[in-house]
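Chemist: Sequence:
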Amino acid sequence: MGRRKKDIVWPEVPITGWASKGKALAKVEGMAVFVQGAVPGDVADLRVMKQRKKYAEAKAIRLHTLSPDRVEPFCAHFGVCGGCKWQDLAYEKQLAFKHQEVVDQLERLGGLDLPEVPPTLASPRTTHYRNKLEFTAGSSRWFTTEELQDLGDIADRTALGFHIPQRFDRILEVTECHLQPEPSNSIRQFVARHARAHGFTFYDAREHTGFLRNLTVRTATTGEVMVMLHLGHEDVSAREALLDALVAEFPQLTSVLWVINPKRNDTIWDLDVHTFHGRDHIVEELPDGPGGAPLKFRIGPKTFFQT
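Note that the working numbering has the sequence shown beginning at 3, numbered continuously upward.
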């Protein structure tokens with residue numbers, strides 16, 4: 003019997019380029035290898051995760067040489083939660099990769115003959131730029147190795163945060179997310195504390211049971227904030243106690259909403275959303291409208307607005 007793919011390790015492989023979906027690119031015996039956990043310029047030992055005739059997928063398990071383009075990630079959850087995959091790569095290099103990917107997609111894959119493509123425009127902000135985040139409540143928390151060592155016997159396995167990649171049932175408890183401005187982090191932390199203190203059940207994605215299911219926070223540059231609680235079933239006293247406490251803690255909230263979702267999926271398009279406090283929408287403004295006036299957008303709980 004041959005070795006399992008996870009036991010195959012290629013030593014000291016130079017990482018030579020970028021690939022899509024936050025992965026880097028290497029070549030082993032002429033075969034393209036898509037690498038997780040490395041950036042161009044690294045030299046790393048790679049553990050094979052999947053191998054096909056013309057390509058392989060691998061994970062960097064040891065770095066021998068660090069790329070000069072590496073930077074220190076600013077998020078404590080980098081590499082675990084699955085978001086912000088290039089956070090360890092200098093921003094100017096991220097922009098160069100985005101430019102290269104657009105050109106490759108249109109020319110190499112699309113077969114188009116393009117004029118010179120201008121550089122990718124840089125954002126003035128690399129943190130706290132998103133206007134919407136949806137956090138998931140779960141009864142099966144994902145613990146890091148460090149947490150398991152520190153916590154010992156774990157009684158509380160609830161979490162309010164993000165799904166672990168490729169694990170629909172495991173949720174990473176987020177202490178601070180750098181994607182959205184305040185009061186997003188404070189709201190998430192408050193809801194989690196209140197739910198635990200009052201013995202609320204967190205959603206079980208396998209059994210489809212539990213009270214607290216999701217939390218959506220929308221923020222606007224106008225300062226307006228929308229919060230929506232997604233609940234797995236109705237419990238009037240628990241729901242009103244949580245919503246009352248939320249409004250008392252954050253009186254600046256523009257819109258506080260709730261929805262009961264008993265379905266097996268998280269979509270709410272076909273469900274009734276109820277207003278508990280304030281308006282049923284927030285207003286966002288973007289510059290450079292007609293005559294220099296800002297463009298105003300009315301954003302509701304089901305509105306698609308680029309995040």
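If you are wondering where the hints come from, they were derived from the structure by calculation, not from laboratory data. Keep in mind that a hint or two might mislead.
With a straight-line Cα cutoff of 30 Å, these simulated DSSO-like cross-link-like pairs (lysine-lysine) come out [what the hints assert, rightly or not]:
hint, residue 1, residue 2
1, 29, 87
2, 52, 29
3, 100, 29
4, 61, 29
5, 87, 56
6, 265, 298
7, 100, 134
8, 56, 95
9, 29, 134
Remember, predicted model here, so these are calculated numbers, not experimental data.
Chemist: Taking 30 Å as the top limit, are the C-alpha atoms of residue 87 and residue 56 close enough?
Modeler: Roughly 25 Å separates the two Cα atoms, so the pair holds.
Chemist: Hinted pair, alpha-carbon criterion (30 Å max): residue 100, residue 134. Please report holds or violated.
Modeler: holds, 23 Å
Chemist: For a C-alpha distance cap of 30 Å, please report whether residue 52 and residue 29 respect it.
Modeler: holds, 15 Å
Chemist: Tell me if the straight-line CA distance from residue 29 to residue 87 falls inside 30 Å.
Modeler: holds, 21 Å
Chemist: Does residue 95 lie within 30 Å of residue 56 when you go C-alpha to C-alpha?
Modeler: Holds - the C-alpha atoms of residue 95 and residue 56 are around 27 Å apart, at most 30 Å.
Chemist: Starting from residue 29, check that the Cα of residue 134 is at most 30 Å away, please.
Modeler: Judged against 30 Å, a Cα distance of about 38 Å means the pair is violated.
Chemist: Starting from residue 100, check that the Cα of residue 29 is at most 30 Å away, please.
Modeler: holds, 21 Å
Chemist: Check the hint pairing residue 265 with residue 298 against an upper bound of 30 Å on the C-alpha distance.
Modeler: Violated. Residue 265 to residue 298 sits at ~34 Å, over the 30 Å cutoff.
Chemist: With a cut-off of 30 Å on the C-alpha distance, tell me whether residue 61 and residue 29 pass.
Modeler: Holds. Residue 61 to residue 29 sits at ~14 Å (cutoff 30 Å).
Figure legend: structure checked against the earlier numbered hints; hints not met, in rising order: 6, 9.
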